[in-house]
Amino acid sequence: MSAARPVGRARAPWHRRLAAALALGCATAGAATAEADTPPPAFAALHAVARGPAAPLADGWREHHARAAAEPGYACRHPLHARWFADRGLLADRAPCPAGVPFAVPHAEHGSALRWVDPAQVRAVHLLFGGRGDGWASRFGHVALRLVVCPRATASERECDENLREHLVLGFVAVVDGLEIDPLRGLAGGYTATLAAQDFMQAYREYAIHEFREIRSLPLALPPARVQQLVRELGEVHWQYADEYRFLTNNCATMLRNALRVLVPELAADLAEPTDEADAVVRPDLLYERLRGAATTAGARLADEAQAERDGLYFSSTRPFFEQAADALLLAMREPWFVRFEQYAALPAPQRLARWQADAPLQRQLGANARLQQAQMMLEQWTVVQTARALMTQAALYFDDPRLAARLQDAEAVPDAGLRALIADCLLQPMQRLRSRAPRHAGVPQPGDAPALGGGPLVPAQCQAALPRQALADTLARLHPAGRERWQQVVRAAEELAAGIDNVAWLRARGAPVQLSASR
Amino acid sequence: MNPNKSRAAAAASLLVLALPAWADSVIRLRCDDDADGALVYVNEQPRGQCPADVTVPPGTVRLRVVKPVGSSQERVWEKSVLVSDGTATRQEVVLSAPRLTAAAAQAAAKAVQDAAARGDIRAMDELASRHDRGDGVAQDAALAAQWRARAEAARAAQTEAKANAGDATAMLEMASRHDEGKGVPRDAAAAAGWRAKVEAQKAQKVLADAQRGDAAAMKDLASRFDKGLGVPVDAAQAARWRREAADSERRKANADRRAELLKKKQDTKISVFISDWPGWITKDKDVNSTTMTLGFLYSPLFTVLELVTTAPSKSTDLYRINKELDSLPAAFGKPDSMMATLHRREQDAGAR
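Sequence lines, in order, name chains A and B.
Numbering-wise, the working numbering comes out as the position in the first sequence, counting from 1, plus 741.
Numbering-wise, the working numbering comes out as the position in the second sequence, counting from 1, plus 17.
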């Protein structure tokens, strides 16, 4: 599972909707009066996929029925609903939709950023299966959808497949509003579920590198026009869907199966269940296995794992690669401090550097043996990333104390008004925006809606100066209710991270140069 | 039946018939082949050789038949017999195994006494036994005990000499002797002193082994420093040797692993290993990292933290490291994979 932040639903008051319906829908109401009063079952299923099963059906039916008939841009905002009306000749003349469909993805600096995806540049949609993990929440794996986004409209099939950094993953997840997942809430439906988006490489990083899980990507055999329609419809679900996430009876696989029944009718037969009981409980791994054998998927392409890995349809866990890297270093180092790669981080970064500096033969080998240099870089970088995650853990615990915010704004505790303002601008408000950022919109946002969705740096530029940083550090250390010890853990983790990053720089200087693009 | 013996029996019968009723009795001494020719004594008086018919007065007579063996030994048959008036009886003589003559026994006892007096421990033990039995010396329990005590003390002195020379077994024996008061005074402190010397000696050996790199010896030495066994109690030394033991074991594990790898091919499947190494970044028990919300991990909290902990440029470096790490493992382990292709493309773009 992955997580986002909870938000309320943006919805017009009912009286305005009724007025709109009356004003816009009267011209066509006569011909469809019977339909307008009673939501057909097919519409009900579609509406549940677009908005969630708990969304009021009758209201939605009246609203959409009226708007579909009268609003030119309706199909762009509600492509899934629009399909139903278009199939029955009830759709108003369609205005051309913008080229891109926005999806809100996590962003390192802004919390959330809009990724505009041109459906015409999506070559394929895959069913993505993240293999079983060690945690209890990932015992049966995870399923999602992967959009294979091409670099440009004229790109070749191979170029599209290789464009991994722009591929997108859409999956039903629980929106966790705390630091940890509460199993009881997860079982009882205490978390809201949405169709969240993330970069494919972000998903790969979490699964294959941090959790050592393999990933399988099963292409859906759909023609280009269907792929484009599917991308638009997924956009509507992404911005509106909300339901109660339940680990057993309404998990990522359940919701995805229900969505695919409507979004990809070609899969309906493969997704049918013989009984209500079977329908109620769906496991991600079993859903994947069933669809792998479906006629509307290209399961045969995953039969040869090695070829699938070359084609970007299978991504193996990276654990064996790290183990190989550790073994290569064991043979080259004079005084290794580890036997297995997980033990590599046992030695703090400055001491690792000291060991390298004292090992002249190792340094010579690093300069001459590119593979050894890669191995060393892998382990050091992995350790740096783990340190960053540990730092985040410490910091999350530190800032999670509500008494801290109160103290930081208390005039007695912080007499300097300027410092209190600095704390508010640079710490408290960014933290608050972190907790409240979650993408919601009435239908697919159009380009003019983008500014209202937020975005931009969380932390103002003026907060980067040295003086505010020191003042904030001193104040935090003094005022935290847990005392200095917890703060010292945060500082220690940050210092270790900085030292690890310096180690990476030292390795780069001594090995074969590994250049990276500086752009984000 | 031996024809000679039947003729002798007939003769004895006739002899009895010839004796007057109030005369001495007759004892016929019948000797086996071994005793043939042995000297016969009646009441210490010589009466010929075996076999013999001896006349004796009524009453108790002491019969003795002796056959010398060599110069200092003899074979003897002795018996006291109650003889009635005018009777004829027969005695079967069977000689004993050779034994010292009285004179020889006395000389032997003297030799033992002299040896014991000179400090011969075995002679002391034997003299004590002779005094128990009255064998060549006076039967005297007190003297026997005295000689036993002197023997034990002499043994203790020998053991002490060995112990002082460094014999650990002797040291332990001295401790035991002092516990029991065996050859030395009963003395708990002295016993403890000998045991301490044993531990000190062991500790020296363990130290030597530890200094040669023996991890088991290092652990033993650490334990000794904890408990003050053969060395002073010293927590710092104990900690030091415990660390040395851990390092030694780790080096050995590394060396074993190295040897194992050198035998294997690079593409051998490596089994999963769950680490039990206490890395410092995993020590926090407050949060179960496997359930930590990913959204929070991906949040720009780090950007906020940057303000108060590290230099601003570190976030850029961290971004680069994350980006490179995305594809580097696959490039290392699966060079023909799609992810490795991404890595090469990005490296080429960076190089340009």
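Mixed in with the good hints, there may be bad ones.
Beta-carbon label-pair distances, calculated as ranges [to be verified]:
id, chain 1, residue 1, chain 2, residue 2, range
1, B, Asp251, A, Glu1153, 33 to 39 Å
2, A, Thr895, B, Ala366, 17 to 23 Å
3, A, Asp1243, B, Lys244, 41 to 47 Å
Simulated from the structure, these hints should not be mistaken for lab results.
Where a beta carbon is used, it is the ideal one built from N, C-alpha and C, also for glycine.
Against the structure, the hints:
1. B:Asp251 / A:Glu1153: 33 to 39 Å: Violated, at about 52 Å.
2. A:Thr895 / B:Ala366: 17 to 23 Å: Once the Cβ atoms are compared, 20 Å apart, the range 17 to 23 Å for Ala366 of chain B and Thr895 of chain A holds.
3. A:Asp1243 / B:Lys244: 41 to 47 Å: Holds, at about 45 Å.
Comparing the model with each numbered hint stated earlier shows that hint 1 is the single one that does not hold.
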